[in-house]
Amino acid sequence: MARAISILPEHQLAGLTQRYKNEIGRRRLVTLGCLAVLLVLVVLSASFAEVRPATFFSNLGNFTSYVGRTVPDLHWATLGADIRAWYWNLDGWAKLLGETILIAYLGTLMGGIAAFALCFLASANLVSSPSLRFGARRLLEFCRTVPEIVFALFFVIAFGLGPMAGVLALAIHTAGALGKLFAEVVENADMKPFEGVLSGGASWVQAVRFAIVPQILPGFASYSLLRFEINVRGAGVMGFVGAGGIGQEFLVAIRNFYYTDVSAILLMIIATVVVIDLVTEKIRHRLIGFEAPTR
Amino acid sequence: MSIADTTLRERALGDMAGLKSRHPELFTTSTVQRFKFGALIAAFVAFTGFAFVALDFSLARIFGGLHRLGEFAILMLPPNPEGRFTAFFDALVETVAIAFLGTLVAAILAFPVAFLAAKNVIPNIFVRFPVRRGLDVVRSVDTLIWALMWINVVGLGPFAGVLAIACSDFGGLGKLFSEAIEATDRRGAEGVQASGGSRLHQVRFGLLPQVLPVMASQVLYFFESNTRSATIIGIVGAGGVGIYLTELIRVLELKQVAFLILMILVTVAIIDWISTRLRLALIGREAR
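Line by line, the protein sequences are chains A and B.
Here the first sequence stands for residues 1 to 295, where the numbers follow the UniProt record's numbering.
Here the second sequence stands for residues 1 to 288, where the numbers follow the UniProt record's numbering.
Hints are computed from structural coordinates only; laboratory data are not their basis.
Any given hint could be a false lead.
Stated by the list, open to error - Listed below are the simulated DSS-like cross-link pairs for lysine-lysine, each with C-alpha atoms no more than 27 Å apart in a straight line:
no., chain 1, residue 1, chain 2, residue 2
1, A, Lys192, B, Lys20
2, A, Lys180, A, Lys192
3, A, Lys282, B, Lys175
4, B, Lys20, A, Lys282
5, A, Lys180, B, Lys36
6, A, Lys282, B, Lys119
7, B, Lys20, B, Lys36
8, A, Lys95, A, Lys180
9, A, Lys180, A, Lys21
10, B, Lys119, B, Lys36
Note that the structure is predicted; figures quoted are calculated from it, not measured.
Start from the sequences, fold in the hints, and give me the full structure.
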């Protein structure tokens, strides 16, 4: 084969090779240093988190046997009846799943409305008062840092057991999470239409309505759908603290070792979440397709 | 806003009647459009109303509850650990440890699997498709549910929490990693192939250098969000501060709860700050 690359003379090459080796050696050293720090952190946190690999491996059999026990007894000959026995409480579970989705829906809606109201106050390009902006931002931050289940714990005591507590808890958390994302969308909006509408005689509210809102609505809708997806998952465990949805039933099934119920409910939850994921993803891609992709 | 803009605005406001008579179509909406919009809104409102009724919303309960929440707020002040500071602190350290280990394990597991789910590494759809759906299924199970299942295997305690976070993040990170791999530039790998590299060399020298910074920044982001979720897995008994949160809220020791929540907020803020710093550094290195 003809050599296409010319080889440098030996004396020039030696220097270059040496520098290359030094450079590589330095980078290796940095990488090794990072790995050593990481290793120390791992060992430290493993001792804090009481990691017991021995227990893990000796009990791993439990996991497989646990999964094995949740598999229902299905026979080909009596498949229909077996499935009916497996999903003996299908109507009840379906109703609870419906409740879960409604909780996620209302939580997203209420949180989304609150976020919509707050995000304009939190965006630097529309609000010139730093104190107002600071207040709005800290409020949003608080709402999204406290996990929704902690709010649910409070609300269950205040409003009583039931889905209402779950909805309110999800709504507050959603307001915080969406408010931040919405504010970022608003800050990325083109300000020229806003100034144009203002010059055309509009008030501040009218200018936001006609110049900013049309630009940001696809982004808002897309983020809200994404949040809805997340909230369906969140609503599924609200029942763990008595705040409605399918969670309570699932917790009972796990705690009381109703093995086949566990798999039945879990499969229903997974199917619901996956379907909702796929549907919202389709809608989101279409929504974003209208606009030039923002990110 | 400049002076020219202001005079334009005043002129427009002064001539509003004239503008309306000259461009009537800009000031009204067509009936059909209005009807469509109205129908959409009506359906939306009807569904929302149905949801409210189905979920037992009642104004009386809301007002009663708000009253009680007000009482709680008063009971929370001033935040006070009441001698439990060290216990809270230990639990918080445990929480961060759970989040850290969980994220790390998830990242290590997700790394090889992500390559199997990436279109440009595995063109075979029969391998890729099941891997992707598998990741979706793992992702759709909430961390708390994973925690409940792992408690059955390794017993109560933070180890179950680590495994729970590792499992639920494995799905999420696997998906994000594979998307990062698919978004890479082909030219690096092609260059390696052109100079005689094997398929493995292409991945190692053409692909990895491009995706590693992206992956690392995603892992850091997950670590941030996991510090939040690790605070609650204690609710089902999988370690961390969650157990204190649940118990103290149930017995209405709200001064301690308030203090604990403040501690969590500070911890999360610190972790956020560190990981944002690291992420910016990583992205800076990527741009170089």
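Hint check results:
1. A:Lys192 - B:Lys20: holds, 23 Å
2. A:Lys180 - A:Lys192: holds, 23 Å
3. A:Lys282 - B:Lys175: holds, 17 Å
4. B:Lys20 - A:Lys282: violated, 41 Å
5. A:Lys180 - B:Lys36: Violated, at roughly 32 Å.
6. A:Lys282 - B:Lys119: Distance of about 20 Å is within 27 Å: holds.
7. B:Lys20 - B:Lys36: holds, 25 Å
8. A:Lys95 - A:Lys180: With Cα atoms ~34 Å apart, A:Lys95 and A:Lys180 exceed 27 Å; violated.
9. A:Lys180 - A:Lys21: violated, 47 Å
10. B:Lys119 - B:Lys36: Outside the cut-off at roughly 42 Å; violated.
Going through the hint list in order, the structure does not satisfy hints 4, 5, 8, 9 and 10.
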